[in-house]
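Line by line, the protein sequences are chains A and B.
Each residue of the first sequence is one higher than the one before, counting from 42 in the numbering used here.
Each residue of the second sequence is one higher than the one before, counting from 395 in the numbering used here.
A hint or two may mislead.
Capping the alpha-carbon separation at 25 Å, the derived lysine to aspartate or glutamate pairs in DMTMM-like fashion look like this [stated by the list, open to error]: (1) B:Lys546 - A:Asp190; (2) B:Lys434 - A:Asp190; (3) A:Lys166 - B:Glu591; (4) A:Lys263 - A:Asp456.
Derived from the structure by calculation, the hints contain no laboratory data.
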Amino acid sequence: MATMTAAAVDTFPKLLIRNANLYGARPAMRQKDLGIWQTWTWGQVLEIVRAYAVGLNRLGLKRGESIAIVGANRPKLYWSVMAAQMLGAVPVPVYADAVADELAFVLAHAEVRFAAVEDQEQVDKIMSVKDRLTKLEQMVYDERRGLRDYDHSHLHPIDDIIAGGREALADPAVGQWLDAEIAAGKGSDPSIILYTSGTTGTSKGVVLTGERSIHAATDTVKFDKLTANDVALAYLPLAWVGDHYLNYAQGMVAGFCTACPENSDTAMADLREIGPSFYFAPPRTLEVLLTRVMIRMEDAGYLKRKLFHYFIGVARKYGERILNKQPVPLTGRLLYWLGEILVYGPLKNVLGFSRVRVAYTAGEAIGPELFGFYRSIGLNLKQLYGQTEAFLYLTAQPDGEIYSDTVGPACPNVDIRIADNGEVQFKSPGMFAGYFKDEGKTAEALTPDGYVKTGDAGFFDEKTGHLKIIDRAKDVGRLSDGTLFAPKYIENKLKFFPNIREVVAYGDKRDFVAVMINIDLTAVGNWAERNNVVYGSYQELAGHPLVYDMIADHVAEVNRSLAEDKAMAGAQIKRFLILHKELDADDGELTRTQKVRRGFIAERYAPLVKALYDGSKEADISTEVTFEDGRKGTINARVKIRDMQTESAFVTEKAA
Amino acid sequence: MRAPSGPDVAVGDVLLSVENVSLSFGGVNAVSDVSFDIRKGEIRAIIGPNGAGKTSMLNIINGFYHPQQGRITFKGQARSKMRPHDAAFGGIARTFQNVALFRGMTALDNIMAGRSLKMRRNFFWQLLRVGPAMTEEVEHRRRVEEIIDFLKIQEIRRIPVGRLPYGLQKRVELGRALAMEPDLLLLDEPMAGMNLEEKEDMSRFILDVNDHYGMTIALIEHDMGVVMDLSDRVVVLDHGIKIADGTPDEIKSDQGVIDAYLGVAH
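Could you put together the complete structure from these sequences and hints?
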């Protein structure tokens, strides 16, 4: 019922009023302060935001102007977004950890006259680039400490602004004026500008409108059956579309409670205390959590350790099937039930997942092991796919239809098509209105018939009808026989094996796919120790025939899984080699964010790439390396190359 | 370098004065005939090369050592013999060069320990945790939580300090000293063993403590950059003798100080 009324409301301020009427006494926001959770109800939030809006207006903020929001997830910054929207002004959230230069770019580009910031750190940062922000006039801040001696002619505590607004609201005329302002807001007005992180060139300001945002959120709230009884922990950056969509928009539409952590480092503990029912985490976070659990289990006593590993084994066998409501033998059910009491329940409790009903992950490919682990212990983890321009989501996995290598079917009312070059294109209820002050880029992102280009390549899986994202469209190439070649898709499949650290795949305009592999020293070293494999150096281990055999098994497994996809079957790996040194950012082989620089590596290891394709059994390579103290040296090596059987071949004997 | 102090911090009144103090251990003169004062609301640094008598000086102020000669006046009262806990009750708190915390206790409990001398109810009341003792405990806890918030150590509240990295232990120790709400805070090498980032954080906290609580701080520090940035006035000791006293700028250009640090050709 709530969701139906939401669709009729076209701006967030109107939605806030609806929530105050519908859920007035229910919690809207929580934050831990001085060690105690504080709660604000929807009624209180409306009252505060009204006062805040009046206060901001008295400082000079008007319809159509923009206000930067800089800081962590704190109620007062969420209220800053709401108050600005109430006045028809446009909030522009900025990543709290952005360096001064990035901050200056966004603030200048968005032409902000106002900034609502968290604390002294952000005030200082903005002050340091003040020359470039000619339009900036007023700053308001949440945290007072350290700011007392600053010049306060253009700097105000948010509390004072709210108090001032509250006083002014004592006059009924002011209240009426504010009501008129709220009523004047149109659904087609920009409701927020979200700047993309700018991994590809300078960041662009994605303009979203209230009406579309609310439509989009209404669809997904219905999809996941979110209600006012749900609770979410807002710990992802305010400026990221995910936070604005998952917590702000969905929270407003469903009327659920958004809890803010005490500070960014306490999120884990806060998660446990709050026990959210709706949870989002990028794969990296889930991986860190799992590693932490595993390490702590290794430190536990013998009995506990045995118990844990036994029941995790049970969970791997039956857990996902139980979660997917598939048939499971009675003994399996009984064992799982016992495991739930002894292991999974307590584990979920420690991780803060006890009450999670819906959990999502997105952002990058998630390993099937990792994904399977969380699902097997009973966490309803699902994948979604989307981007800022779509107001986050395009596809999401429905309950019971979960596969680790797909991102689900298109969401309700989302229209997705695959262009001839393999690019995913969409039309969706939440799609953006355009890039701020950049019609050229807006036009570039749209097709003539109004679809948005995602820049990602993908295809719909024939068996499941789910979308599979394979790579950035510009990286996708074709083998010389025309088969689709998505390097990252292949690399990721290999990288999910713990023994493999990095992979570089080649194949564009070539006859077949070949890969260069970096082994993971920790995992393979551990394996070597257990199997009495003696080695003196990384180079020696990497070249060991047994290591080659092990990696060959992994490659064969990847080939099998590639063979299952009709679109990918032609792009199986025919030859591989194990690199004699670890790829390193210091040598320019990886970016600082640990992404492989395929082109650079191809040049640097040209003799190896050549050998991969000319059929030689081994090749000599000499590479210059940079040591940590800046000195340079040379590594010489003779690297072996293995041929692989592809799955279509009849011969099943192990590759030589 | 520093922003001017706020209105409620009246720098000027002498809080503690040390007059002609001498201390020797057997034949070694740790401190000889040193005089200086610490004014309310200032950050006062005591510096000097190794073995200059800095820590001895701090221990004298703290009442841990008793000078053989000289006079110490604290809050207008000359004091004779006293023990460290008298100093604590008198309003002097300190941190140590090599962290002295209860390693098995959590950060929260360590800071709560700093409140113990402010507890008015006796042990049995506190054990029962009823009535006035409970009210008092809640009030103390609130103060401690304010300090935790101030030092931004919420995430380590429940972690035994023995498991914390060194920089954080130092911060917890500062928290415990703050919990005593002292008139004078003595910091013995607050930056020792820290990396650059930790030093910057610590400097920020020291400045904030001084600014926010208007607290008078006397610190010993080796890192000259830190000292010159933080302090209002600096006293320089060398071989137990005061060789200079003044603002950081004066100290920087003082030939005697430069000689003491760099050595002189004989």
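Pair hint Lys166 (chain A) and Glu591 (chain B), alpha-carbon separation not exceeding 25 Å: 17 Å, holds
Given the hint that Lys546 (chain B) pairs with Asp190 (chain A), does the C-alpha gap stay at or below 25 Å? 21 Å, holds
Within 25 Å, alpha carbon to alpha carbon, are Lys263 (chain A) and Asp456 (chain A)? Holds, because 18 Å separates the two Cα atoms, which is no more than 25 Å.
Holds or violated: Lys434 (chain B) to Asp190 (chain A), with C-alpha atoms at most 25 Å apart: Roughly 19 Å between the alpha carbons, so the hint for Lys434 (chain B) and Asp190 (chain A) holds.
The structure fails none of the hints (numbered hints given earlier).
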